[in-house]
Amino acid sequence: MFQRLQERLNISFDRFIRTTDPDHHEASKAIWKRMADAGDIYLDTYSGWYSVRDERFFVESETRVLDDGTRIATETGAPLTWTEEQTYFFRLSAYTDKLLAHYEANPDFIGPEVRRNEVVSFVSGGLRDLSISRTSFDWGIPVPDHPDHVMYVWVDALTNYLTGVGYPDTDSELFRRYWPADLHMIGKDIIRFHAVYWPAFLMSAGIELPRRVFAHGFLLNRGEKMSKSVGNVIDPVALVDTFGVDQVRYFLLREVPFGQDGSYSDEAIITRINTDLANELGNLAQRSLSMVAKNLNGIVPTPGEFSADDTELLAIADGLLEQVRTHFDAQAMHLALEAIWLMLGAANKYFSAQQPWVLRKSESESDQTRFRTVLYVTCEVLRIAALLIQPVLPESASKLLDLLGQPADQRTFAAVGTRLTQARSCRPDRGVPRYQPE
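Each residue of the sequence shown is one higher than the one before, counting from 83 in this note's numbering.
Everything labelled a hint here was simulated from the structure, so no lab data went into it. There may be inaccurate statements among the hints.
As the list claims (entries may be wrong) - Heads up, simulated DSS-like pairs for lysine-lysine below, C-alpha to C-alpha not over 25 Å straight-line:
hint	residue 1	residue 2
1	Lys376	Lys270
2	Lys431	Lys376
3	Lys270	Lys307
4	Lys270	Lys310
5	Lys443	Lys376
6	Lys481	Lys431
7	Lys180	Lys270
8	Lys443	Lys431
Could you put together the complete structure from these sequences and hints?
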């Protein structure tokens, strides 16, 4: 199901790993042995409130009792059962100071800042050793040399990151190229596992830590948390079927600051589609490329001398690459898209002010030169915009770059530093369609 959803949302992945994969079992056993060899795993008895749904234990202070006598986790609302069993422990308490030192030395290790503060506060309060095996069920990866125990799910689940890069073969080209990971992108509800437990496991095993862990927020339905019981869960497949995959991707990344919770509504996505995609981007592309196709045989013209207006708009477009890279590196996709659309807004104003439809009718050679220059500048800023929106709007960007005659080897961010040439052929297009509710 998750694999099909990724494909439906046009999200690529190099490998879809299952925890039953043989090489994942080997990776999990290898990191367990490393932690054991470091003296960080020991056998003891554990008793406490356990949530099957959350796959974690809760201390008494993290629980509450409902009127019907059911005890639940205060944080997640999951029902709890009292569990006593023999279990292996990881000496998490020994890593309190090491983790705090890492957070201080690497202030960008956890993002956004609110999550960093949350984790630092949690660790500063002192860490208790972590139960990392179970005997009450038999599904999972057996503990090396102790098959009556299976690994705690978060030990083997987190090890997936290493399985994907060929661990335990740390000398492989795959591992050397991709580890340490530049970024772990996760939900805010599992920040503790990724920013506390996982770094401690890696420190124990003598493996480099990922460079950054970023926790995104939750999507709300009109400001309310989605719940099956309430009946307000939004089906992502139905959303894509209704609005289109690029449109949904753009809305989610433009509307919501990525590290915060955001609210969805049909009205909000329709406004983004019609205002940003259809009007600002699609309409500008359709108007300019249709003129090129109709009046210039579909060939991007050679520009004349640039005016102050031309130079100003091109400078805005040329300056986008550094802004977009900076925002993408900080997982501030909404700010990157905002910068691109501010440029597109300026381009629409430029196009209207230059009135190329009037210049086209003039018999003056200077006006004809100006006509070609205006279309060139407009096509050039559209090309730059198309290059930069590819991570968010891959299908739409690809179509626009096709219309601008851009070859496959001229579609990386590096191509922003070049100029559109006359040889590129254009074809007219209707642009991004407006959404009309049925």
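Worksheet item: Looking at the structure, which of the earlier hints fail to hold?
Response: Going through the list in order, the structure violates hint 1 alone and respects the others.
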